[in-house]
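**Student:** Okay, here's what each chain looks like letter by letter:
4 protein chains.
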Amino acid sequence: MVLMALTSRGRVVEENSDVMLYLDEKRKYMVKARRGSKLHTHRGYVDMDSVVGASYGSRVKSNVGVDFVVLQPTLWDYVLKVARRTQVIYPKDMALMVFRLGLTSGMRVVEAGTGSGALTCALAYFVKPGVVYSYEINPKFQEVARRNIERAGLMDYVVLKLKDITQGIDEEDVDAVVLDMAAPWLVVEHAYQALKGGGFFASFSPTINQVEKTVLALRRRGFVDVRVYELLLREIKVEEGAVRPFTLMIGHTGYVTFARKSL
Amino acid sequence: MVLMALTSRGRVVEENSDVMLYLDEKRKYMVKARRGSKLHTHRGYVDMDSVVGASYGSRVKSNVGVDFVVLQPTLWDYVLKVARRTQVIYPKDMALMVFRLGLTSGMRVVEAGTGSGALTCALAYFVKPGVVYSYEINPKFQEVARRNIERAGLMDYVVLKLKDITQGIDEEDVDAVVLDMAAPWLVVEHAYQALKGGGFFASFSPTINQVEKTVLALRRRGFVDVRVYELLLREIKVEEGAVRPFTLMIGHTGYVTFARKSL
Amino acid sequence: MVLMALTSRGRVVEENSDVMLYLDEKRKYMVKARRGSKLHTHRGYVDMDSVVGASYGSRVKSNVGVDFVVLQPTLWDYVLKVARRTQVIYPKDMALMVFRLGLTSGMRVVEAGTGSGALTCALAYFVKPGVVYSYEINPKFQEVARRNIERAGLMDYVVLKLKDITQGIDEEDVDAVVLDMAAPWLVVEHAYQALKGGGFFASFSPTINQVEKTVLALRRRGFVDVRVYELLLREIKVEEGAVRPFTLMIGHTGYVTFARKSL
Amino acid sequence: MVLMALTSRGRVVEENSDVMLYLDEKRKYMVKARRGSKLHTHRGYVDMDSVVGASYGSRVKSNVGVDFVVLQPTLWDYVLKVARRTQVIYPKDMALMVFRLGLTSGMRVVEAGTGSGALTCALAYFVKPGVVYSYEINPKFQEVARRNIERAGLMDYVVLKLKDITQGIDEEDVDAVVLDMAAPWLVVEHAYQALKGGGFFASFSPTINQVEKTVLALRRRGFVDVRVYELLLREIKVEEGAVRPFTLMIGHTGYVTFARKSL
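Sequence lines, in order, name chains A, B, C and D.
Here my numbering is used: the first residue of the first sequence is 9, the next is one more, and so on.
Here my numbering is used: the first residue of the second sequence is 9, the next is one more, and so on.
Here my numbering is used: the first residue of the third sequence is 9, the next is one more, and so on.
Here my numbering is used: the first residue of the fourth sequence is 9, the next is one more, and so on.
If you are wondering where the hints come from, they were derived from the structure by calculation, not from laboratory data.
Any given hint could be a false lead.
It does not matter which identical chain is meant; a pair holds if it fits inside one copy or across any two.
In silico DSS-like pairs for lysine-lysine, Cα to Cα no more than 25 Å straight-line [stated by the list, open to error]:
1) 204 / 169
2) 204 / 36
3) 148 / 36
4) 89 / 169
5) 171 / 40
6) 171 / 221
7) 46 / 169
8) 221 / 69
9) 204 / 34
In this text, all values refer to a predicted model and were calculated from it rather than measured experimentally.
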C-alpha cells in the first residue's frame with residue numbers, strides 16, 4: 009500500500025509499492041512495482057512481474073540478461089527525486105537540520121514554503137506520528153507536494169495549508185519552525201509567537217544577504233544560540249591505488265541558520 | 009528523571025534533570041538541576057534552586073545579575089559533550105549517517121566500537137524504541153559509554169556488548185551496521201551476514217587508506233551503491249555589514265562510507 | 009610579432025598578435041588579429057580590421073552593433089586555453105607553485121612531462137630570461153606543446169627534450185624540478201642529483217596514492233620541509249542583494265607536494 | 009648584503025644575510041647570519057659562526073648535536089613572517105593575485121594599504137626591476153613595512169607613500185592597482201583613472217559585504233571581466249598507510265576580486 013512506502017519493514021516487494029532498481033553506481037531507477045508493466049533502460053527492460061514478490065536485496069534480470077538489484081527506496085531517494093525540480097536544499101542540509109533540531113517521534117513542526125514537498129517529507133519522516141504543518145501560497149506547488157508526500161507514504165503526518173506564513177502562524181507551542189523561503193526574516197516574529205520556550209527556528213537560504221537579514225532579526229527579537237552553517241559535501245572516487253575526490257562538485261546549496269526561542 | 013533526558017517534553021525543568029544554561033554565543037553550560045547546588049562561571053554563580061521549576065526558554069540571573077537562558081539540552085549537545093573526549097566523529101557526520109540510513113522508530117542497528125558512546129546515543133535517539141547493539145573490546149570505554157548513554161536517558165534502547173566485532177556479529181536481519189573503528193574492512197563479511205537484504209553498511213574513517221581498503225572489501229563481497237562522502241562544515245560569523253566565515257575551522261574529521269547489501 | 013605575445017607592453021593591438029575579445033562574464037574569445045579575417049559569434053561577427061590598431065581596453069562593435077572589449081591576453085588566459093585539452097592542473101595550482109618556489113628572472117627549472125605545455129608556459133613566464141628544460145616522452149604531445157609555447161611567445165625560454173625523465177636528468181644545479189606526471193616518485197632520486205642545495209622539488213598529482221608514494225620517497229632521500237597542499241577555488245556570484253558562491257564548482261584538481269633538497 | 013636577500017643566487021651563506029635554519033616539519037627559524045651570535049632553541053643553540061659560509065642545503069649541528077638544515081629564505085617565508093602580525097592576506101591569496109595579474113619584470117603597480125608590507129614584498133618580488141607605489145595613511149605602519157621590505161632586499165623596487173588613496177592616485181598608466189584595505193570601493197574611480205587600458209584592478213577583502221560594494225562599484229564604472237574568488241587551502245598529513253587532511257585549518261582569509269579597465 010502506498011501509504012507505507014517509507015515505513016514498511018517487509019522483506020519482499022509488495023505490489024504497487026515503490027522500488028529502487030539499482031544497476032550501477034551511476035544509475036538507479038525508482039519505479040512502481042505494477043504487475044504487467046516494464047522498466048525500459050539502455051540495458052534492456054525489466055518485467056515488473058519479476059519484481060513483485062522479490063526479496064529486497066535480490067537481483068532480477070533484464071530481458072538481455074543484465075542484473076538489477078531490488079532495493080527498498082529510502083528517505084534520501086525520495087528527497088533527491090522530489091528536490092530535483094527545484095535543486096535548492098539538498099539531503100546534506102536537511103540532515104543537519106534534523107540532527108540539530110533532534111527531530112523525534114511526536115514532535116509538532118511548522119514548515120514554509122511547502123515547495124515540492126521534499127523537506128516536508130524529511131520532517132514528517134522523523135516526527136511521525138507527530139505532525140508537520142506546511143504553509144504554501146502557490147496552489148500548484150501544493151498539489152505537486154501533495155502527490156510527492158502521498159507517494160512517500162507520509163501524508164498522515166502532514167497538514168498542508170494554503171496560507172501566507174508572513175501573515176502569521178496558526179499553531180502554538182510547536183517544537184520547531186523550519187523555513188525554506190525567500191524572505192525568512194519576515195517570519196521571525198510569527199515563529200517567536202508559535203514556538204514553545206527553547207524551541208528551534210531553522211532556515212535555509214542560498215544567499216548571504218538573506219542570512220544577514222534573518223540573523224539580525226533573530227537577535228533583535230531575543231532569540232539565542234544563533235548559528236549559521238554551510239556544509240560542503242565532497243564525494244570520493246575510489247579505484248584501487250587511485251583514490252581522489254570527484255572533479256565536479258556541488259559547490260554551494262545554501263546556508264542553514266539555527267536559533268532558539270528565549271522568553 | 010534521568011532516563012527521560014532527551015525525550016522529555018515537559019515545559020519546566022524537573023529536579024535532577026540536565027539543563028543547558030546559555031550565556032552567549034560562545035558559552036553554554038550543561039549541568040544537572042540539583043537543589044542546593046551552584047553553577048560557578050566567570051560571570052558569577054547561578055543558584056540551581058532558581059533553575060528547578062523554571063520554564064524552558066526563561067532567564068535566570070547569576071548572583072551578579074547576569075542573565076542565563078534555561079534551555080533543554082538537545083541530542084547535539086550530548087553528542088558534542090561526549091565526543092569531546094575523542095574528537096573524531098562530529099555531529100555533521102552523524103547527521104549524514106542518520107539521514108542516509110533513514111533511521112527511524114523500531115529499527116535494529118549494530119554498532120562498533122562503542123567508544124565514549126556519542127554515536128551510540130545518536131543512533132539510539134533515532135531508532136527508539138528500537139535497539140542499538142553496540143560492540144566494544146575495551147571495558148573501560150564501555151563503562152564511560154554506559155554513563156554517557158544513561159545520562160542521555162537512552163540506555164533502554166542500547167545493548168552494550170563486550171566483544172570483538174571482527175570475530176563476528178551475533179545479531180541477524182538488522183537494518184544497519186554502523187562502524188567507527190580502526191579496521192572496518194575486517195567487519196565487512198560479518199556485516200554482510202548480519203544485515204537484512206538491502207540493509208545498510210556505514211563506516212566513519214579519518215584516513216583515506218582505511219576508506220580504500222573498506223570500499224574494495226565491500227565491492228568484493230557484492231555490496232552495491234557504495235559511496236564515500238566527506239563533509240566540510242563552515243560556520244559563518246554575522247555582524248551587521250560584516251559577514252564572513254570564521255577564520256578557524258575543523259578542516260577534517262573523516263570520511264563516511266555507505267553501501268547496501270545485495271543478495 | 010608572435011614571440012612577444014605575453015611580454016609585449018604596447019598600448020595598441022599589433023597585427024597578427026593574439027587578442028582577447030570580451031563580450032560578457034561568460035564569454036570571451038582569444039583570436040589572432042589578422043587583417044581581413046572575422047570572428048563569428050552568436051552576437052554577430054567582429055571584423056578584425058577594426059581590432060588591429062585598436063587601443064587595449066577600447067570597444068569594437070560587431071556587425072549587429074554589440075560591444076566587445078579589446079583586451080591583451082594574459083598568462084592565465086593562455087594557460088586555461090592550453091590546459092583545456094587535458095584538464096588536470098589548473099591556474100590556482102600553478103599559482104601556488106610559482107609563489108611557493110619564488111620563481112623569478114634568471115632561474116633554471118626542470119619540468120616533466122611537457123604535456124600540452126600549459127605549465128611550461130607558466131614556468132617560463134616567471135623565470136624568463138631564465139630557462140625551463142621540459143621533458144616529454146610522447147613526440148605528439150611535444151609538438152602540440154611547441155605550438156602552444158610559441159603562440160604564447162615564450163619559446164626562447166624553453167628547451168623541449170624528448171626524453172624519459174625517469175631515466176635521469178641531464179641538467180645540474182637547477183633551482184627547481186617541477187613534475188606533473190603519473191609516477192613522480194620515480195624522479196625523486198634524479199631530482200636530488202639535479203637540484204642545487206636547498207632547491208625545490210614540486211609535484212602535482214590527482215590521487216592521494218601518488219602523493220603518499222612521493223612523500224615517502226622524498227623523506228627517504230633526505231628532502232626536508234616536505235608539504236602537501238590542496239587548493240579549493242570557489243567563485244562567488246555577486247548580484248545586488250543576492251551574493252552567493254556559484255552552484256557548480258571544480259571540486260578537485262589535485263594535490264601539490266613541495267620539498268627542499270638537504271645535502 | 010641585505011638588499012640581495014631574496015634575489016641572491018649564491019651557493020653559500022654570506023655574512024649578515026638572512027638564513028632559514030630548518031629543524032623539522034613544525035619548526036624553522038629565520039635568523040641573520042651574524043658572526044659571534046647564537047640561535048637558541050629547545051634543541052640547543054646554533055653558533056652562527058658555523059652558518060656563515062655554509063653551503064645552502066648543508067647541515068649544521070647545535071651544541072647538543074641536533075642537525076639543522078641551512079636554507080635560503082624564500083618569498084613565502086618572508087611573507088609569512090611579516091603577515092603574522094596582521095594575519096589577513098595569506099600566501100595562497102597573494103599567489104592567486106600574482107598569477108591572475110601575470111606580474112612580471114618591469115611592471116608598475118599601485119598598492120594600498122601598505123600595512124606590514126607583506127603584500128608589497130610579494131608584488132615587488134615579481135615586478136622587479138619595475139616598481140610598486142604603496143599608499144598608507146598610518147606612519148607607524150609605514151615604518152614597520154619599510155623595515156620588512158628592506159630586510160627582504162626589495163626596497164629598491166618600492167615607493168612608500170604616506171597618502172590616503174581614497175583621495176586619489178598620483179600615478180598614471182599603471183599595469184595594476186592592488187588593494188588590501190577596509191573600503192576598496194572608494195578607490196574604484198581613482199583606480200580607473202590610474203590604470204592603462206585593460207589594466208587590472210585586484211582587491212582582497214575578508215567580508216562578503218565589502219565584496220558586494222566593490223563589485224557593484226566596478227560594474228557601474230565600466231570595468232569588465234569582474235570575478236570574485238575564494239581559496240581554501242588544506243594541508244595533507246602523510247604518514248605511511250594513514251593519509252588525511254590535518255584536523256585544524258584556516259577556514260577563511262578573504263575574497264579576491266579581479267576586474268579589468270575598459271575604455
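**Student:** Check the structure against each numbered hint from earlier and tell me which ones fail, lowest number first.
**Tutor:** 3, 5, 7 and 8
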